[in-house]
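Undergrad: Listed below are the residues making up each chain.
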Amino acid sequence: MTEESILTDEFLRQLINVGEADILVGVPTYNNAATVGQVVQTIRAGLLKCFPRERAVIVNADGGSTDGTQDLVRGVSVNDQRYVSDLPALRTLHCISAKYEGGPAAGAALRSILAAAELLRASACAVIAGDSTNLESEWIERLLRPVYRDAIDLVMPLYRRHKFDGLLVRTLIYPMTRALYGKRIKEPYAAEFAFSGRLGSHFLGEEVWQNDAGREGSEICLTVAAMTGEFRLAQTYLGSKSHVDSRSADLVTALRQTVGALFWSLEANLETWSSSHDSHAVPLLNAGPELTVEPLRVNRKRLHRMFCSGVTELDPVLRTTLSAGTLAELQRIAGLAEDDFRYSDELWIRTVYEFAFSYHKSVISRDHILQALAPLYRGKTYTFLIENRDASGEEVDRNVERLCMAFERLKPLLVELWK
Amino acid sequence: MGLPEDPLWYKDAIIYQVHVRAFCDTNGDGIGDFRGLTQRLDYLQDLGINALWLMPFFPSPLRDDGYDIADYKSVHPGYGDLDDFKTFLKVAHERGIRVIVEMVLNHTSDQHPWFQESRSSRENPRRDWYVWSDTDAKYRGTRIIFVDSELSNWAWDPISKSYYWHRFFSHQPDLNYDNPGVRDEMWNVMKFWLEIGVDGFRLDAVPYLVEREGTSCENLPETHAVIRELRRRLDGSFPGRMLLAEANQWPANLRPYFGDGDEFHMAFHFPLMPRMFMALKLEDRKPLTEILYQTPEIPEPCQWCLFLRNHDELTLEMVTDLERDYMYEAYAQDKTTRLNLGIRRRLAPLLDNDRRRIELMNGMLMSLPGTPILYYGDEIGMGDNVHLGDRNGVRTPMQWDGGWNAGFSPADPERLYLPLILSPVYGYQAVNVASQKRFGHSLLSWMKRLIRIRKSTSVFGRGSIEFLHPDNHRILAYVRTLDKEAILAVNNLSSSAQAVELDLRRFKGNILIEMSSRNIFPRAGDSPYLLTLGPYQFYWFRLRRI
Chain A
1 MTEESILTDE FLRQLINVGE ADILVGVPTY NNAATVGQVV QTIRAGLLKC
51 FPRERAVIVN ADGGSTDGTQ DLVRGVSVND QRYVSDLPAL RTLHCISAKY
101 EGGPAAGAAL RSILAAAELL RASACAVIAG DSTNLESEWI ERLLRPVYRD
151 AIDLVMPLYR RHKFDGLLVR TLIYPMTRAL YGKRIKEPYA AEFAFSGRLG
201 SHFLGEEVWQ NDAGREGSEI CLTVAAMTGE FRLAQTYLGS KSHVDSRSAD
251 LVTALRQTVG ALFWSLEANL ETWSSSHDSH AVPLLNAGPE LTVEPLRVNR
301 KRLHRMFCSG VTELDPVLRT TLSAGTLAEL QRIAGLAEDD FRYSDELWIR
351 TVYEFAFSYH KSVISRDHIL QALAPLYRGK TYTFLIENRD ASGEEVDRNV
401 ERLCMAFERL KPLLVELWK
Chain B
420 MGLPEDPLWY KDAIIYQVHV RAFCDTNGDG IGDFRGLTQR LDYLQDLGIN
470 ALWLMPFFPS PLRDDGYDIA DYKSVHPGYG DLDDFKTFLK VAHERGIRVI
520 VEMVLNHTSD QHPWFQESRS SRENPRRDWY VWSDTDAKYR GTRIIFVDSE
570 LSNWAWDPIS KSYYWHRFFS HQPDLNYDNP GVRDEMWNVM KFWLEIGVDG
620 FRLDAVPYLV EREGTSCENL PETHAVIREL RRRLDGSFPG RMLLAEANQW
670 PANLRPYFGD GDEFHMAFHF PLMPRMFMAL KLEDRKPLTE ILYQTPEIPE
720 PCQWCLFLRN HDELTLEMVT DLERDYMYEA YAQDKTTRLN LGIRRRLAPL
770 LDNDRRRIEL MNGMLMSLPG TPILYYGDEI GMGDNVHLGD RNGVRTPMQW
820 DGGWNAGFSP ADPERLYLPL ILSPVYGYQA VNVASQKRFG HSLLSWMKRL
870 IRIRKSTSVF GRGSIEFLHP DNHRILAYVR TLDKEAILAV NNLSSSAQAV
920 ELDLRRFKGN ILIEMSSRNI FPRAGDSPYL LTLGPYQFYW FRLRRI
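Respectively, the protein sequence lines represent chains A and B. Okay, so the first sequence: first residue is 1 according to my numbering, each after it adds one. Okay, so the second sequence: first residue is 420 according to my numbering, each after it adds one.
These are computed hints drawn from the structure, not numbers from a lab. Keep in mind that the hints are not guaranteed to be accurate.
[As the list claims (entries may be wrong)] Away from chain B, derived, C-beta distances all over 10 Å, residues of chain A: (1) 81; (2) 91; (3) 141; (4) 151; (5) 165; (6) 215; (7) 271; (8) 287; (9) 313; (10) 315; (11) 317; (12) 319; (13) 346; (14) 362; (15) 386.
[Stated by the list, open to error] Stretches of chain B that chain A covers, calculated by requiring three or more beta carbons in the stretch to come under 8 Å of a beta carbon on chain A: (16) 741-747; (17) 883-892.
No residue lacks a Cβ here, since even glycine has one placed at the ideal position from N, Cα and C.
Please work from the sequences and hints to get the whole structure.
TA: Structure (structure tokens):
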């Protein structure tokens with residue numbers, strides 16, 4: 001009876017009124033009054049347009065908002081007392097909102113949404129960020145239709161981004177998940193995604209929720225669960241990604257939510273990742289332009305400076321985390337002039353793999369390990385910016401692909417470390 | 420027993436719709452007749468209904484089941500004669516059953532002498548009794564109703580070499596109500612039957628009486644003027660008689676047919692019916708309450724007529740495209756069951772012969788505001804035969820017993836006007852009155868109890884309605900109130916058990932008495948009133964402050 005401890009009585013009471021649902025859209029929020037009204041209205045429009053006959057529900061899992069977020073969600077319900085004249089609706093569309101316990105946490109929000117989906121026996125579910133600022137109703141169809149109609153278990157998005165946006169995903173999360181689990185999902189950590197009730201229930205029953213990785217990086221854990229289980233995966237192109245920049249404004253927080261969860265997944269899935277040798281494409285259901293290349297001002301000097309000072313200041317930590325050879329190479333490039341600085345793919349991959357192993361061994365506090373990765377990531381970012389300064393979208397794609405291949409090629413290093 | 424003296428009798432009525440042809444044949448010609456219907460009045464009295472609506476029984480070529488009338492002042496010889504009708508009427512009245520007859524105002528058969536005269540020459544005095552034109556380009560804004568069989572509302576008459584207007588089949592030319600002679604003559608027809616003693620008329624296809632260029636030729640002010648004139652004449656000479664409108668229209672367009680209480684006494688609520696089915700399939704009260712919210716108030720003496728099924732297809736004209744698509748998928752996946760914009764099925768097959776759903780639908784029919792109409796045979800769960808053409812599949816002989824011709828006729832089975840239902844599930848040997856009379860738990864016995872409860876109070880027929888809005892959308896709950904009497908109806912539209920919390924604070928202090936068992940439920944108070952209902956279960960509670 002896991003659900004009893006996840007859902008508050010108030011949440012449960014609202015779910016009883018919803019009954020059974022075919023489709024559930026979860027919206028995690030925390031003080032998102034500025035955006036959530038538009039978000040849930042767009043979700044509603046998407047549901048009524050694409051799934052007019054299905055029993056759908058919008059479930060807002062709120063982390064304790066005090067700005068009226070919950071009222072905005074509840075206000076878009078469609079029922080026999082509230083008509084939406086321009087959106088014909090066959091049936092009631094519940095928009096429910098409940099606080100989960102323990103304050104704002106992405107994992108707790110997702111867990112509440114998963115528990116709600118299981119109780120309502122929803123066969124297709126999506127999660128849409130409450131702080132999204134450019135959600136389109138078509139996204140609802142693109143995410144949910146493959147799950148609902150074609151028995152896909154996980155649909156991850158592809159966004160249209162600037163070539164220098166989402167670099168943590170492109171230089172670490174994507175290449176490493178791909179190398180580890182053999183599935184080429186370009187956005188394994190997304191704010192919008194869809195999954196089957198089957199996958200949701202499977203993931204809800206995993207032990208991930210008991211540790212930091214689950215609490216902070218549950219989204220990526222869900223992706224990994226889908227990659228490592230008998231689940232059908234797909235990607236779909238959505239469009240430009242735009243959120244109120246709050247989720248990962250702090251790099252260390254972002255690292256905890258993504259890299260920490262990914263490192264943690266190595267322990268739980270040793271047999272799977274250590275035995276997979278190459279990667280396979282995941283079907284792309286809708287294609288679209290992914291990278292934009294308009295000029296963008298980036299303070300590269302600061303990145304370089306933070307890398308160099310980080311290597312120096314974190315020397316005691318890096319000595320326990322990295323092999324002598326890797327550390328020496330990092331110290332060498334930290335001593336180079338900015339114009340000569342280059343953080344090679346191979347060195348970056350060795351760094352990441354050795355960090356992952358240290359995380360596993362908990363040579364020091366795992367959180368300190370993740371914090372120590374931050375300046376090194378900035379160094380890699382610097383190199384990426386330099387290398388792709390004049391690159392077209394296709395060239396950036398090729399460079400990312402080259403990095404991915406290198407992650408796969410060097411994966412035996414990680415396996416060897418683990419042994 | 421006789422008839423109670425009450426000019427608003429139709430508000431408390433429970434109407435039973437029957438075709439003479441389909442009920443009971445006494446002379447062995449395979450066609451039901453008035454003598455047979457008279458013999459079966461005991462059954463109807465026992466069922467508890469107190470009004471009969473007879474489908475057209477006038478002389479007719481029967482190309483549209485009698486809605487193509489060739490003589491308004493007589494009885495089709497297959498059904499008997501005028502004396503048989505008079506005897507039937509007298510016996511019905513003695514049993515407290517009023518009789519409403521069908522009156523097809525809009526059109527006649529093309530075999531009617533009026534039309535024969537009208538087409539004979541352009542100079543004939545009755546030429547203008549129908550709508551003629553040298554071109555088929557007039558009234559282009561008018562929709563075609565029988566889309567499956569008619570391409571135009573105009574038909575070419577080779578005799579008079581011009582086009583005539585018809586809203587239904589081309590063998591049913593529309594009368595021209597701009598002609599005062601037509602209006603006078605139709606009143607004379609009605610007066611003829613009123614003088615014999617009929618209690619009311621169901622006026623067929625009333626929105627289409629008058630045509631005007633540049634309009635949809637429906638619901639025109641001139642049509643309302645015709646109806647007001649008929650009503651004035653009716654009230655002047657025959658007070659206490661009733662007019663019932665067949666106007667398959669949206670609520671806003673239906674409302675004018677009540678006028679200021681000076682047009683129809685009653686009108687069918689067409690949009691409600693498909694939404695009852697929709698709500699049941701969706702397990703969601705929204706479609707139902709939505710249409711009732713859109714239903715305007717009507718003058719005090721007026722009343723809605725509610726029905727689940729009738730002799731026509733389950734019409735989907737008054738639903739949106741989205742709703743129609745849903746209804747087809749939900750109730751008519753077998754495309755042979757689709758006809759025009761509707762579904763030609765009886766109640767039981769529509770509901771998969773699910774007794775719980777049949778009961779729930781009848782429960783709502785009897786408790787929502789209006790006068791309920793039962794279609795013959797539905798009280799025993801009769802089936803249909805979609806392989807018979809047009810709407811004949813829902814017009815097969817009444818199934819009285821499991822014997823020869825289901826007790827309907829002594830004729831050779833081959834002579835029956837339509838074949839009996841023979842399927843293993845709905846065939847007359849499985850579904851018939853005699854077998855259901857023997858068991859207290861049969862659908863027939865249940866219907867009798869339901870009707871008895873409905874008739875035990877005037878609240879259902881005359882009371883106001885107030886919807887409750889429990890958060891559980893699968894529960895439809897409303898309070899019917901008349902003076903100091905209040906009844907709470909709670910319906911579970913879902914196939915699964917449901918819990919619901921009702922806000923009954925307004926009735927704080929009342930105890931709830933379940934009307935079928937008279938069991939007492941806890942008193943209403945300040946807290947939400949928790950009820951649990953089984954799949955498709957419904958309750959009627961009398962609210963009493965004791």
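Undergrad: So, for every hint listed, does it hold in this structure?
TA: Going through the hints against the structure:
Residue placement check: residue 81(A) does not keep its beta carbon more than 10 Å from all beta carbons of chain B (closest about 6 Å). At roughly 4 Å, the least C-beta separation between residue 91(A) and chain B is not larger than 10 Å, which violates its mark as non-interface. No beta-carbon of chain B comes within 10 Å of the beta-carbon of residue 141(A); the shortest separation is about 16 Å. Every CB of chain B lies more than 10 Å from the CB of residue 151(A), the least distance being 21 Å, so the non-interface label holds.
Interface exclusion of residue 165(A) from chain B stands, the closest Cβ pair being 40 Å apart, more than 10 Å. Listed as a non-interface residue, residue 215(A) keeps its Cβ farther than 10 Å from every Cβ of chain B; the least gap is roughly 31 Å. In this structure residue 271(A) is separated from chain B by more than 10 Å, as the shortest Cβ-Cβ distance comes to about 42 Å. Separation of residue 287(A) from chain B is adequate, the least Cβ-Cβ distance of about 31 Å exceeding the 10 Å criterion.
Remark: the non-interface label on residue 313(A) is consistent with the geometry, its nearest Cβ contact in chain B lying 57 Å away (cut-off 10 Å). Under the 10 Å C-beta cut-off, the non-interface status given to residue 315(A) relative to chain B holds; the minimum distance is some 61 Å. Listed as outside the interface, residue 317(A) is consistent with that label: its C-beta sits roughly 54 Å from the nearest C-beta of chain B, beyond the 10 Å cut-off. The Cβ of residue 319(A) lies farther than 10 Å from every Cβ of chain B, with a closest approach of about 60 Å, so its non-interface assignment holds.
No beta-carbon of chain B comes within 10 Å of the beta-carbon of residue 346(A); the shortest separation is about 58 Å. At roughly 48 Å, the least C-beta separation between residue 362(A) and chain B is larger than 10 Å, which holds for a residue marked as non-interface. A cut-off of 10 Å between C-beta atoms confirms that residue 386(A) is not in contact with chain B; the least separation is 56 Å. Proximity of the region 741-747 of chain B to chain A, defined as three or more residues with a beta carbon under 8 Å from a beta carbon of that chain, is established by the 3 residues found.
Under a criterion of three residues with beta carbons nearer than 8 Å to beta carbons of chain A, the stated coverage of the region 883-892 of chain B is upheld, 6 such residues being counted.
In this structure, the hints that do not hold are numbers 1 and 2, in rising order.
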